[in-house]
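There are 2 protein chains.
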Amino acid sequence: MNVKSTLREYLRRRGLKVTHQREEIAEIFLDSPHHLSAEELYQQIRESHPQVGLSTVYRTLNLLVQAGLASRREFGDGIARYEPVAENKHHDHFICVRCGAIIEFANQKIEELQSEVAQQNNFTVLRHKLELYGYCEKCRRRR
Amino acid sequence: MNVKSTLREYLRRRGLKVTHQREEIAEIFLDSPHHLSAEELYQQIRESHPQVGLSTVYRTLNLLVQAGLASRREFGDGIARYEPVAENKHHDHFICVRCGAIIEFANQKIEELQSEVAQQNNFTVLRHKLELYGYCEKCRRRR
DNA sequence: CTTTATGCAAAAGGTTTGCAACAGT
DNA sequence: ACTGTTGCAAACCTTTTGCATAAAG
Numbered sequence: 001m002n003v004k005s006t007l008r009e010y011l012r013r014r015g016l017k018v019t020h021q022r023e024e025i026a027e028i029f030l031d032s033p034h035h036l037s038a039e040e041l042y043q044q045i046r047e048s049h050p051q052v053g054l055s056t057v058y059r060t061l062n063l064l065v066q067a068g069l070a071s072r073r074e075f076g077d078g079i080a081r082y083e084p085v086a087e088n089k090h091h092d093h094f095i096c097v098r099c100g101a102i103i104e105f106a107n108q109k110i111e112e113l114q115s116e117v118a119q120q121n122n123f124t125v126l127r128h129k130l131e132l133y134g135y136c137e138k139c140r141r142r143r
Numbered sequence: 001m002n003v004k005s006t007l008r009e010y011l012r013r014r015g016l017k018v019t020h021q022r023e024e025i026a027e028i029f030l031d032s033p034h035h036l037s038a039e040e041l042y043q044q045i046r047e048s049h050p051q052v053g054l055s056t057v058y059r060t061l062n063l064l065v066q067a068g069l070a071s072r073r074e075f076g077d078g079i080a081r082y083e084p085v086a087e088n089k090h091h092d093h094f095i096c097v098r099c100g101a102i103i104e105f106a107n108q109k110i111e112e113l114q115s116e117v118a119q120q121n122n123f124t125v126l127r128h129k130l131e132l133y134g135y136c137e138k139c140r141r142r143r
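These protein sequences, in sequence, are chains A and B.
FYI, the numbering for the first sequence is 1 to 143, going by the working numbering.
FYI, the numbering for the second sequence is 1 to 143, going by the working numbering.
No wet-lab data here; the hints were simulated from the structure.
Mixed in with the good hints there might be a few duds.
Treat identical chains as interchangeable: a pair holds within one or across any two.
Unchecked claim - Pairs of lysine-lysine, DSBU-like flavour, derived with a Cα cap of 35 angstroms: (1) K129 / K17; (2) K109 / K138; (3) K17 / K138; (4) K17 / K109; (5) K109 / K129; (6) K4 / K129; (7) K17 / K4; (8) K109 / K4.
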């Protein structure tokens, strides 16, 4: 709902149009588990709105990314995933190499580390991605 | 050269063949700046060996990854990059969002952080990727 | 000789785009 | 009315694959 109104504002500010499709896609995007691919979002949409096209899903996701409301990630399988940009809730990802589970975690020290490294190297850091690959709790036992 | 001999061993151990193409690709892979895409490697190869096909480059890169000699990375533009796996020299990446430069850096604290987070969440971490996105030294001035 | 690799072209798979019909402002 | 958007199909781009030929062991 917050994303929806922010998107509306974003669209109006640039003379773009607030369409049903965009609103629907934004809504489903919000209510879904994180790390949705375009195809998955498309399947969800078509349950309630069978006429929506896959291209519109892609176009709207790109729009959300441009508006800073979504971020696009690639975890190495060639399929892009999108997730809402939560204002104050940055998190990172653990990816299980055995079962493929993607688990979020947050760690305060990462922020410190980030600015420290940035200073050392004269970078201005806008954002970061940290991914840990290994075995999740279940899979480490079964290994 | 180390990669080349390790690759040779890897191939022999599984009854695969040591071909000119594989040796050439491994060699160029070594001598090149990091973060090479398959296409870039292909262009390099063809300067000295115009008969080599792009599929062979892909196949050999996959081989190198399977052998643990290369790692495949995706930085968000849909093109996979490959880099040699340096045994004891883990590093991470800074990506400039303005000029696209990819700069490596290393930070010891990352390792500590990693095991800490792993413990907290009951993961077994095999490897990690940390990417910082922002402005590099040049671009932050010109901004 | 037998088996695996190569190069080419074609296929795949995800994502983007051209265009005529359509909807928002 | 005007301008931007949609859905469809086709195009695109990177990566993979099938197959006949070539090279390695």
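| Alpha-carbon proximity between K129 and K17, which holds within one copy, between copies, both or neither at 35 angstroms | Answer is within; shortest intra-copy Cα gap is 32 angstroms, inter-copy 39 angstroms.
| message | At most 35 angstroms between CA atoms: does that hold for K109 and K138 within a copy, between copies, both, or neither? | response | both (26 angstroms within a copy, 28 angstroms between copies)
| request: Up to 35 angstroms between alpha-carbons, please classify K17 paired with K138: within, between, both or neither. | output: neither (47 angstroms within a copy, 38 angstroms between copies)
| task | Measure nothing new, just compare the shortest in-copy and cross-copy C-alpha distances for K4 and K129 to 35 angstroms and report within, between, both or neither. | result | both (25 angstroms within a copy, 32 angstroms between copies)
| task | At 35 angstroms max between alpha carbons, let me know whether K109 reaches K4 within a copy, between copies, both or neither. | result | within (32 angstroms within a copy, 39 angstroms between copies)
| request: Classify it for me, K109 with K129: is the Cα-Cα distance of at most 35 angstroms met within a copy, between copies, both or neither? | output: Both. Shortest intra-copy (14 angstroms) and inter-copy (16 angstroms) distances satisfy the 35 angstroms Cα cut-off.
| field | Status of K109 relative to K17 across identical chains (alpha carbons, at most 35 angstroms) | value | neither (41 angstroms within a copy, 47 angstroms between copies)
| field | K17 and K4: within-copy, between-copy, both or neither at 35 angstroms Cα | value | Within one copy, since 13 angstroms is at most 35 angstroms while 57 angstroms is not.
Violated hints for the displayed structure, listed by number in ascending order: 3 and 4.
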